[in-house]
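Engineer: Use the sequences and the hints to build the structure in full.
Here is how the chains run, residue by residue.
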Amino acid sequence: MEEFSNENVEVNEALPENEPQTTSEENSIGSLVEGVMKEQDIKKVSAKQRAMKIAVQIGLYVFLGIMALIVLFPFYYMLAISLKEFNEYYLLSGYENLSELQQLYPQTLAWHNYVDAFKTGVLDRLFFNTLYVGIVSTILSLVITVLSAFAFARLEFKGKNALFAALLATMMIPGELFTITNYITVYNLGWEDSYKVLIIPFLVSIFYIYLLKQNFQQIPNELYLAAKVDGTTDLKYLWKVMIPLAMPTIISITILKMMGAWNTYLWPKLVTNDEKYWLITIGLRQKFKAEGAKPQIPQQMAAVAMVSAPLFLVFIFLRKYIMKGVSRSGIKG
Amino acid sequence: MAKVTNFFHTVFVKAIWQTFFVKWIWQTFCIAWVHDAFWKNLVVKKWKFDRWKGWVYLLPAIILLAVFTIYPIFNTVRIAFLDDYRNAGHNAGEVYTMGIENFRWVIKDTLYFLPALKNTMLLCFITVPISTFLALLIAVCLNAIKPLRRFLQTIFFLPYVTNSIAIGMVFMAMFNVTGHVSISMDNAQTLGVVNIFLQAIGIEPINWINAGSTYWSNMAVAIIYIVWNALPFKILILLGGLQSVNKQYYEAAKIDGTPRWRVFTRITVPLLSPMLAYVVITGFIGGFKEYSSIVGIFGDDMQSAGGNTLQTMVGYIQNSLDPMSGDGEGVASAAALILFAIIFVVTMINLYVSKKKTHY
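From first to last, the protein sequence lines stand for chains G and W.
Residue numbering for the first sequence follows the numbering used here, beginning at 1 and increasing consecutively.
Residue numbering for the second sequence follows the numbering used here, beginning at 1 and increasing consecutively.
Honestly, the hints are just simulated from the structure, not real lab data.
All residues carry an ideal CB built from backbone N, CA and C; glycine is no exception.
One or more of the hints may lead you astray.
[Said to hold, decoys possible] Sample of chain G residues facing chain W (criterion: CB under 10 Å; computed from the structure):
#: 1; residue: Leu101
#: 2; residue: Thr145
#: 3; residue: Ser148
#: 4; residue: Lys160
#: 5; residue: Tyr187
#: 6; residue: Asp234
#: 7; residue: Tyr237
#: 8; residue: Trp239
#: 9; residue: Tyr265
#: 10; residue: Ala305
[What the hints assert, rightly or not] Below, in silico cross-link-like pairs of lysine-lysine (BS3-like), each with a Cα-Cα straight-line distance of 25 Å or less:
#: 11; chain 1: G; residue 1: Lys269; chain 2: W; residue 2: Lys289
#: 12; chain 1: W; residue 1: Lys254; chain 2: G; residue 2: Lys44
#: 13; chain 1: G; residue 1: Lys53; chain 2: W; residue 2: Lys247
#: 14; chain 1: G; residue 1: Lys287; chain 2: G; residue 2: Lys196
#: 15; chain 1: W; residue 1: Lys289; chain 2: W; residue 2: Lys118
#: 16; chain 1: G; residue 1: Lys43; chain 2: W; residue 2: Lys254
#: 17; chain 1: W; residue 1: Lys53; chain 2: G; residue 2: Lys228
#: 18; chain 1: G; residue 1: Lys48; chain 2: W; residue 2: Lys254
#: 19; chain 1: G; residue 1: Lys287; chain 2: G; residue 2: Lys276
#: 20; chain 1: G; residue 1: Lys158; chain 2: W; residue 2: Lys53
#: 21; chain 1: G; residue 1: Lys213; chain 2: W; residue 2: Lys53
#: 22; chain 1: G; residue 1: Lys53; chain 2: W; residue 2: Lys254
#: 23; chain 1: W; residue 1: Lys247; chain 2: G; residue 2: Lys324
#: 24; chain 1: G; residue 1: Lys320; chain 2: W; residue 2: Lys146
#: 25; chain 1: W; residue 1: Lys289; chain 2: G; residue 2: Lys289
#: 26; chain 1: W; residue 1: Lys53; chain 2: G; residue 2: Lys160
#: 27; chain 1: G; residue 1: Lys119; chain 2: G; residue 2: Lys287
#: 28; chain 1: G; residue 1: Lys236; chain 2: W; residue 2: Lys53
#: 29; chain 1: G; residue 1: Lys240; chain 2: W; residue 2: Lys53
#: 30; chain 1: W; residue 1: Lys146; chain 2: G; residue 2: Lys324
#: 31; chain 1: G; residue 1: Lys53; chain 2: W; residue 2: Lys146
#: 32; chain 1: G; residue 1: Lys269; chain 2: G; residue 2: Lys287
#: 33; chain 1: G; residue 1: Lys160; chain 2: G; residue 2: Lys119
Structural biologist: In structure tokens, the structure reads:
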């Protein structure tokens with residue numbers, strides 16, 4: 001009997017349904033043979049269920065694995081093409097008879113594509129411009145955002161709520177509406193083809209102010225009052241207490257802003273005709289135009305790989321902040 | 001008579017007296033207030049500064065927002081209603097009449113605007129349901145596994161941290177015909193990497209984006225890319241939602257022996273409905289502003305080698321702003337207002353539907 005009751009416990013764990021209870025009843029009645037049969041039945045059922053569960057799990061992994069491969073394939077193929085010879089990609093002389101499998105990977109590693117792409121694209125200039133614009137606009141934007149968020153979160157002044165509501169309302173309007181007038185404005189100011197035109201117009205993001213304000217408000221007001229009693233100035237309090245406590249949000253904003261500089265296309269294309277001020281996306285699209293029947297695609301892919309690499313590096317090291325920031329903001333850049 | 005006079009007298013005097021009395025109170029009050037304010041200003045100057053300090057902190061943001069966000073809203077609406085407006089910087093001193101000429105021009109523009117509108121609508125209404133459904137499927141599967149979840153989650157997030165122009169070029173290369181330029185379908189081994197896979201599962205190779213390709217094959221490439229690009233954000237949000245769902249519902253369903261599909265449609269989807277609504281609404285808003293993915297695949301002119309235009313609304317606005325070949329800022333503003341109106345209406349419909357269907 002002891003054995004059976006032990007079995008029962010196991011079955012109970014595996015099957016939270018009605019059956020175990022009935023078996024324990026049967027057992028308590030004491031019919032040994034019947035009890036054994038029941039146990040076997042239950043074992044069968046639970047084995048079946050376990051098999052089902054494993055099958056489902058395998059199915060899940062297979063499905064997710066296939067989807068993951070589909071998601072990853074463009075990245076792999078980008079690297080694969082970037083290391084192919086020009087003739088190899090187009091199956092020209094010397095490569096006419098590549099089998100379908102052989103087309104999926106480079107036969108020889110043509111690293112020279114990267115050097116060529118760097119030269120064709122003048123990538124050093126593009127990288128410098130993008131980094132410069134990204135860093136300067138991020139720093140300025142952070143200063144402005146922190147000050148405004150502090151004002152909205154901690155200070156009391158007339159018209160605060162009305163102003164904040166008005167600013168939030170502008171978030172609903174698509175950016176293209178601003179772009180048109182801003183284009184006219186910077187044109188009339190004579191700002192075309194300069195760094196400031198890339199930095200200043202979209203410096204302040206209401207969304208980031210909102211995000212940081214929410215974060216600041218979570219910091220208890222008592223800290224602020226205590227600091228006031230101690231005679232700390234607002235700015236010192238902001239620097240010593242608020243910013244360290246809101247650091248995760250600030251890091252998220254920084255990353256998203258930098259990624260924005262890396263990805264922006266529409267505005268820089270409007271306001272920069274001079275190659276000297278091109279950002280990475282503009283340069284990539286303009287320098288590697290798919291013209292003619294056979295554009296230099298391996299070189300192009302090498303450039304794409306070099307442009308994508310920094311984003312991946314940032315992602316690998318700061319994954320947590322990026323995913324947190326994105327899930328809260330829902331915007332790219 | 002006397003009675004009447006008396007009555008008048010009483011009322012009149014009372015009225016005057018009351019008036020003066022009121023006036024007197026009022027005066028006293030004013031003097032007191034001015035007095036008070038004067039002393040307060042002298043004594044507690046800092047108190048006065050505190051009332052304005054908030055504005056000082058906000059000053060840089062306010063100035064920039066006023067010039068580059070608030071003013072543009074009004075100005076863009078204004079120039080949309082100025083007939084054939086072009087930036088004064090180009091031909092100074094011109095006076096424009098008010099009117100709806102820009103809107104009329106845009107709506108009659110069968111060559112550029114209407115195709116752009118059609119493309120945008122198609123892309124939006126095809127990609128959003130597909131990507132939402134796929135994302136939901138992947139998120140539910142991710143939620144059901146334990147080992148490797150973190151790892152797979154990271155992989156599915158990867159497309160988000162990319163440059164949409166750059167990866168658009170990769171998709172172009174994937175669908176590109178490699179090998180002979182004159183495409184003969186019987187020579188199947190030279191038709192690009194996607195066609196290799198299609199052949200492996202027994203589908204005829206397709207001319208996706210090269211010369212002679214059809215509008216719908218071009219669209220298919222755009223749709224595949226946009227869905228690929230839209231998945232990570234949706235998966236992230238939906239998985240976050242799934243993980244915050246109370247486990248008790250599932251345990252209750254398990255005890256009742258509810259089949260998996262019913263659990264999905266009756267528990268998971270309703271509990272996820274706020275997240276789904278959020279994902280769909282942001283998806284539509286982003287879809288109507290589709291631009292850089294098309295530029296990535298098909299280049300600046302948004303034309304495929306097959307001669308089909310894949311212009312979108314934002315692309316149309318962008319082209320109108322071109323000082324040389326564009327239709328001018330007035331037309332661009334009109335198109336932008338139409339885009340805004342469409343987004344607004346679709347968002348409102350979405351909100352209305354989700355309010356009816358959302359279970360919170």
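Engineer: Could you run down the list of hints and mark each one as holding or not?
Structural biologist: A quick look at each hint next to the structure:
1. Taking 10 Å as the C-beta cut-off, the interface hint given for G:Leu101 holds, the closest approach to chain W being about 9 Å.
2. Hint on G:Thr145 holds. Least Cβ distance to chain W is approximately 8 Å, under the 10 Å limit.
3. Taking 10 Å as the C-beta contact cut-off toward chain W, the hint placing G:Ser148 at the interface holds, the least distance being around 4 Å.
4. Annotation: interface hint on G:Lys160 holds; nearest CB of chain W at approximately 6 Å, less than 10 Å.
5. At its closest, the beta carbon of G:Tyr187 sits 5 Å from a beta carbon of chain W; the interface hint therefore holds under the 10 Å criterion.
6. The interface hint given for G:Asp234 holds, since its Cβ lies 7 Å from the closest Cβ of chain W, which is under the 10 Å cut-off.
7. Residue-level restraint check for G:Tyr237 is violated (minimum Cβ-Cβ distance to chain W is 12 Å; threshold 10 Å).
8. Taking 10 Å as the C-beta cut-off, the interface hint given for G:Trp239 is violated, the closest approach to chain W being about 13 Å.
9. A cut of 10 Å between beta carbons decides the hint on G:Tyr265: the least distance to chain W is about 5 Å, and the hint holds.
10. Because the smallest distance between the Cβ of G:Ala305 and any Cβ of chain W comes to about 9 Å, under 10 Å, the interface hint for this residue holds.
11. Pair hint G:Lys269 plus W:Lys289 holds up; C-alpha atoms about 16 Å apart against a cutoff of 25 Å.
12. As the CA atoms of W:Lys254 and G:Lys44 are separated by approximately 20 Å, the hinted pair is consistent with the 25 Å bound.
13. Annotation: proposed proximity of G:Lys53 to W:Lys247 holds, straight-line Cα distance about 18 Å (limit 25 Å).
14. Distance hint between G:Lys287 and G:Lys196 is fulfilled; the C-alpha atoms sit about 23 Å from each other, no more than 25 Å.
15. Simply put, W:Lys289 and W:Lys118 have alpha-carbon atoms about 13 Å apart, close enough for the 25 Å limit, and the pair holds.
16. Under the criterion of a C-alpha separation no larger than 25 Å, the hint pairing G:Lys43 with W:Lys254 is consistent with the structure, at around 19 Å.
17. Taking the CA atoms of W:Lys53 and G:Lys228, the gap is near 15 Å; set against the 25 Å cutoff, the hint holds.
18. This hinted pair checks out: G:Lys48 and W:Lys254 have alpha carbons roughly 16 Å apart, not beyond 25 Å.
19. Restraint check: the Cα-Cα separation between G:Lys287 and G:Lys276 comes to about 13 Å, which is no more than 25 Å; the hinted pair holds.
20. Under the criterion of a C-alpha separation no larger than 25 Å, the hint pairing G:Lys158 with W:Lys53 is consistent with the structure, at around 10 Å.
21. Proximity of G:Lys213 to W:Lys53 is assessed by CA-CA distance (about 17 Å); at most 25 Å being required, the pair is judged to hold.
22. Note on G:Lys53 and W:Lys254: the hinted pairing holds, with a Cα-Cα distance of about 13 Å set against a maximum of 25 Å.
23. Restraint check for W:Lys247 and G:Lys324: satisfied, since their Cα atoms lie roughly 23 Å apart, inside the 25 Å limit.
24. A C-alpha spacing of about 19 Å is found between G:Lys320 and W:Lys146, which places the hinted pair at or below 25 Å, so the restraint holds.
25. At most 25 Å may separate the alpha-carbon atoms for a hinted pair to count; W:Lys289 and G:Lys289 meet this at roughly 23 Å.
26. Using a Cα cut-off of 25 Å, the hinted pair W:Lys53 and G:Lys160 holds, with the two alpha carbons roughly 11 Å apart.
27. For the given pair, G:Lys119 sits about 11 Å from G:Lys287 by alpha-carbon distance, which is consistent with the 25 Å threshold.
28. For the suggested pair G:Lys236 and W:Lys53, the alpha carbons sit about 15 Å apart, so the restraint of at most 25 Å is met.
29. Distance restraint check for G:Lys240 and W:Lys53: the Cα-Cα separation of roughly 19 Å lies within the 25 Å cut-off, and the hinted pair is therefore satisfied.
30. For the hint pairing W:Lys146 with G:Lys324, the CA-to-CA distance comes to about 21 Å; that is within 25 Å, so the pair holds.
31. Distance hint between G:Lys53 and W:Lys146 is fulfilled; the C-alpha atoms sit about 13 Å from each other, no more than 25 Å.
32. Using a Cα cut-off of 25 Å, the hinted pair G:Lys269 and G:Lys287 holds, with the two alpha carbons roughly 13 Å apart.
33. Under the criterion of a C-alpha separation no larger than 25 Å, the hint pairing G:Lys160 with G:Lys119 is inconsistent with the structure, at around 53 Å.
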